[in-house]
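Protein chains in written order, with the working numbering: chain Z, 1 to 410; chain H, 411 to 687.
Don't take every hint at face value.
The calculated BS3-like cross-link candidates involving lysine-lysine, where the alpha carbons are at most 27 Å apart (straight line), are [said to hold, decoys possible]:
1) Lys445(H) - Lys605(H)
2) Lys445(H) - Lys400(Z)
3) Lys424(H) - Lys400(Z)
4) Lys527(H) - Lys400(Z)
5) Lys17(Z) - Lys492(H)
6) Lys492(H) - Lys400(Z)
7) Lys479(H) - Lys400(Z)
8) Lys17(Z) - Lys531(H)
9) Lys446(H) - Lys527(H)
10) Lys492(H) - Lys396(Z)
11) Lys17(Z) - Lys446(H)
12) Lys221(Z) - Lys181(Z)
13) Lys396(Z) - Lys446(H)
14) Lys527(H) - Lys396(Z)
Computed footprint of chain Z on chain H; a stretch qualifies when at least three of its residues, placed anywhere within it, have a C-beta under 8 Å from a C-beta of chain Z [said to hold, decoys possible]:
15) 460-471
16) 522-530
Chain Z residues, not near chain H, derived (Cβ > 12 Å throughout) [said to hold, decoys possible]:
17) Lys221
18) Ala288
19) Ser344
20) Ala398
21) Pro402
Think of the hints as simulated: they come from the structure by calculation, not from any bench. Each residue gets a CB set at the ideal place from its N, CA and C atoms; glycine is no exception.
The chain contents come next:
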Amino acid sequence: MRFLLLNHIQNARQSLKANRLRSILTMLGVTIGVASVTTILALSSGASQVVSSQVDRLGGNIAVVRPGTPDSNPLTTITGGTPQRDYAPSTLTETDLAAVAQLPGVHAIAPLMVLTGPVKGDSPAPANTPIVATTPDLANITKLPIASGQFLDSYINPNTAVIGTQLSIAIYGTEASVGRKIDIRGTSFTVIGVIKRLNNPINYDNVDFDSAIVINLDGGKALNQGVAQLQQIDIQADTVSNLSQVIIVTNKTLLQAHGGQNDFSVLSGDQISQPSSQLFYAIAGVTAAVAAISLLVGGIGIMNIMLVSVAERTREIGIRKALGATNGDITWQFLIESLAISVSGGITGYLIGYGLAFVISTFMTFDPVLNWQIAAVALGISLVMGTIFGLYPAFKAARKDPIDSLREYS
Amino acid sequence: MAKTLPVIELHDLKKRFGVGDAEHYALDGMDLTIKKGEFIAIMGPSGCGKTTLLNILGLLDQSSDGEYKLDGVEVSTLRQSKKAHIRSQQIGFVFQSFNLIARLNVIDNVALPLTYKGIPKTKRLQMASDILTNFHLGEREYYMPYQLSGGQTQRVAIARALVNEPSIILADEPTGNLDSHSSHIIMEELSDLHKRGNTIIMVTHNPRLTSYASRVITMLDGHVDTDTMVIPEIVAVAPKRPLGPKSKKKKPAKKKPPVKKSASTTKKTTTPRKKKT
Numbered sequence: 001m002r003f004l005l006l007n008h009i010q011n012a013r014q015s016l017k018a019n020r021l022r023s024i025l026t027m028l029g030v031t032i033g034v035a036s037v038t039t040i041l042a043l044s045s046g047a048s049q050v051v052s053s054q055v056d057r058l059g060g061n062i063a064v065v066r067p068g069t070p071d072s073n074p075l076t077t078i079t080g081g082t083p084q085r086d087y088a089p090s091t092l093t094e095t096d097l098a099a100v101a102q103l104p105g106v107h108a109i110a111p112l113m114v115l116t117g118p119v120k121g122d123s124p125a126p127a128n129t130p131i132v133a134t135t136p137d138l139a140n141i142t143k144l145p146i147a148s149g150q151f152l153d154s155y156i157n158p159n160t161a162v163i164g165t166q167l168s169i170a171i172y173g174t175e176a177s178v179g180r181k182i183d184i185r186g187t188s189f190t191v192i193g194v195i196k197r198l199n200n201p202i203n204y205d206n207v208d209f210d211s212a213i214v215i216n217l218d219g220g221k222a223l224n225q226g227v228a229q230l231q232q233i234d235i236q237a238d239t240v241s242n243l244s245q246v247i248i249v250t251n252k253t254l255l256q257a258h259g260g261q262n263d264f265s266v267l268s269g270d271q272i273s274q275p276s277s278q279l280f281y282a283i284a285g286v287t288a289a290v291a292a293i294s295l296l297v298g299g300i301g302i303m304n305i306m307l308v309s310v311a312e313r314t315r316e317i318g319i320r321k322a323l324g325a326t327n328g329d330i331t332w333q334f335l336i337e338s339l340a341i342s343v344s345g346g347i348t349g350y351l352i353g354y355g356l357a358f359v360i361s362t363f364m365t366f367d368p369v370l371n372w373q374i375a376a377v378a379l380g381i382s383l384v385m386g387t388i389f390g391l392y393p394a395f396k397a398a399r400k401d402p403i404d405s406l407r408e409y410s
Numbered sequence: 411m412a413k414t415l416p417v418i419e420l421h422d423l424k425k426r427f428g429v430g431d432a433e434h435y436a437l438d439g440m441d442l443t444i445k446k447g448e449f450i451a452i453m454g455p456s457g458c459g460k461t462t463l464l465n466i467l468g469l470l471d472q473s474s475d476g477e478y479k480l481d482g483v484e485v486s487t488l489r490q491s492k493k494a495h496i497r498s499q500q501i502g503f504v505f506q507s508f509n510l511i512a513r514l515n516v517i518d519n520v521a522l523p524l525t526y527k528g529i530p531k532t533k534r535l536q537m538a539s540d541i542l543t544n545f546h547l548g549e550r551e552y553y554m555p556y557q558l559s560g561g562q563t564q565r566v567a568i569a570r571a572l573v574n575e576p577s578i579i580l581a582d583e584p585t586g587n588l589d590s591h592s593s594h595i596i597m598e599e600l601s602d603l604h605k606r607g608n609t610i611i612m613v614t615h616n617p618r619l620t621s622y623a624s625r626v627i628t629m630l631d632g633h634v635d636t637d638t639m640v641i642p643e644i645v646a647v648a649p650k651r652p653l654g655p656k657s658k659k660k661k662p663a664k665k666k667p668p669v670k671k672s673a674s675t676t677k678k679t680t681t682p683r684k685k686k687t
């Protein structure tokens, strides 16, 4: 039959205008809820994209081998405190490194052996300064730019180190520290290069190179009783199309070398960033759930106001019915009124939420993500809320007996 | 005029309120046949079931027992939405307390029944404007209901009842809240509608108003007590008495002439409408 959508919208506008303050306060409940959800989603997807966009930028031909099976549950990372692999001996060894390096299609390979220990220049370095023992290829694979001096190479004295800009400032008070002596775990090293500032603490190597020391693998082994403890092996395939083949072969080779024990994982693309992305999503999920409570409160506000509105306008309902309005007409009239509240609240909330996300992101190393999914979520939430919390009052209005309604004086 | 066509047929109509000991019948075996073009005044003491009858005739309420045929269709078999459809197409309500929606201006109030008939907005406002002009309220279109006098408000309400060209007009004490002067204008409007062939059913407490009707029914305890046909010729000859209490006799007598004028101009301007319908 007929559907009086435009009429209902006009009607809703009039009646919401008639109670301006009340309508705005009700809208505010939805606005706050949607704004917080939008902010959280925009920031968390921004954060989770940091790592995967890095992997993409490196050319898409990178795979990494990590000890242990991939941890699919990011919550253990939150609740587990310090990751256990900091203490447990890694399952990756120097033999693995040599085996993988000889595989066809592998263009470059770099191990990461991360140590910690006291580091001293002119002044002591901050605790937990990462000491990364690796091979010269790391500079190519991870694209580490050098500010001054040079990166490691295969001919150089093992007791040389390349340090991050931040660390250089911390221990020498200057960025120009090439040639100075640095004391690592009691062994003296010479600084031969400073890495350009990257401002990139979250990356797939799990090392903040701005405040790290990079030394030769041999130097690292010497610090560790001559044993290599590899936390990660970065593999660069010669072409992007060869990467999947390389991953398969690497898997096979390592499985053989480890006597059939699947105690490592070869990751590529999004898998590399997955643990951190999942962590961000888990955090975002928890915060979004808290924000959802404020949405619930906003929804209850809508229902409350709609019930008041229905009670106030009982007589109007009676008149409309006497003039030929069907129950459906009355239902839609009130449902659209509640939708008008929730959707306008939702749109305002979406805009405010983005404003807030951009303000917050100025203090962070990543930008909020602007995509249609978040807009759809915000609009969807407000539509669903308007419907859920508007239906009961609308049905209540439609079910009113016209005679009783007309008899009511207001 | 096809006066022989029965528009409304009631047979042994009953309406029960309450249950058990509190049970009582507001309508207790109403038998009534109303033909097209009749102007019926329903009288009776308070609580005799007049308003209940009107609500049932207007499909706002449902009878507990008995038959009600509207245009030959048994009403109790109809669905709610169908009843709403009939209300929107065939029935016009005029209430004692006017029942305009306070939030809407005059023209929106008058156009409201057309909304539920599914007529587009521009057309709706045009029709509402036309009918308001007929009721000499053309310049009040954008007033709010509270800015009008009682008589004007009731004329707006009648305009609203008529805008969808209903075949039956139900009026529940239309002059109950008005002074005698305004009552007179309203009654002139109603009798004018009657002359144009509309069926009017009016509930009233005021015996003076019965002079406008073509048939007077008095009710007692939920059934028809007396049913008198008024012969139009006699009414025409009989002197028009002023309405309202006698103490106010002088005032209406003074104001009468301009009132009659307005009533006659209404007739003139609305003659083309009559031909259309």
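How the hints compare with the structure:
1. For the hint linking lysine 445(H) to lysine 605(H), the alpha-carbon distance of about 14 Å falls within 27 Å, and the restraint holds.
2. Taking the CA atoms of lysine 445(H) and lysine 400(Z), the gap is near 32 Å; set against the 27 Å cutoff, the hint is violated.
3. At roughly 23 Å between alpha-carbon atoms, lysine 424(H) and lysine 400(Z) fall within 27 Å of each other, so this suggested pair holds.
4. Distance hint between lysine 527(H) and lysine 400(Z) is fulfilled; the C-alpha atoms sit about 21 Å from each other, no more than 27 Å.
5. For a cut-off of 27 Å, the pair hint linking lysine 17(Z) to lysine 492(H) is broken: about 33 Å separates their Cα positions.
6. Proposed proximity of lysine 492(H) and lysine 400(Z) is supported: the alpha carbons are some 17 Å apart, at most 27 Å.
7. Restraint check for lysine 479(H) and lysine 400(Z): satisfied, since their Cα atoms lie roughly 25 Å apart, inside the 27 Å limit.
8. Restraint check for lysine 17(Z) and lysine 531(H): the C-alpha separation of about 21 Å stays at or below 27 Å, so the hint holds.
9. Under the criterion of a C-alpha separation no larger than 27 Å, the hint pairing lysine 446(H) with lysine 527(H) is consistent with the structure, at around 23 Å.
10. For the hint linking lysine 492(H) to lysine 396(Z), the alpha-carbon distance of about 20 Å falls within 27 Å, and the restraint holds.
11. Restraint check: the Cα-Cα separation between lysine 17(Z) and lysine 446(H) comes to about 45 Å, which exceeds 27 Å; the hinted pair is violated.
12. A C-alpha spacing of about 20 Å is found between lysine 221(Z) and lysine 181(Z), which places the hinted pair at or below 27 Å, so the restraint holds.
13. Between the alpha carbons of lysine 396(Z) and lysine 446(H) the distance comes to roughly 38 Å, so the proposed pair goes past 27 Å and is violated.
14. Between lysine 527(H) and lysine 396(Z) the CA atoms are separated by roughly 23 Å; this keeps the pair inside 27 Å, and the hint holds.
15. Requiring three or more residues with a Cβ within less than 8 Å of a Cβ of chain Z, the coverage given for the segment 460-471 of chain H holds, as 4 such residues are present.
16. Counting residues of the segment 522-530 of chain H whose CB falls under 8 Å from any CB of chain Z gives 6; the rule of at least 3 is met.
17. With a cut of 12 Å on Cβ distances, lysine 221(Z) stays outside the contact zone with chain H, its closest approach being about 85 Å.
18. The beta carbon of alanine 288(Z) is kept farther than 12 Å from every beta carbon of chain H, the shortest such distance being approximately 39 Å.
19. For serine 344(Z), the shortest C-beta to C-beta distance to chain H comes to about 19 Å, beyond the 12 Å cut-off, and the non-interface label holds.
20. At roughly 10 Å, the least C-beta separation between alanine 398(Z) and chain H is not larger than 12 Å, which violates its mark as non-interface.
21. Not every CB of chain H lies more than 12 Å from the CB of proline 402(Z), the least distance being 5 Å, so the non-interface label is violated.
Of the numbered hints stated above, those contradicted by the structure are hints 2, 5, 11, 13, 20 and 21, listed in ascending order.
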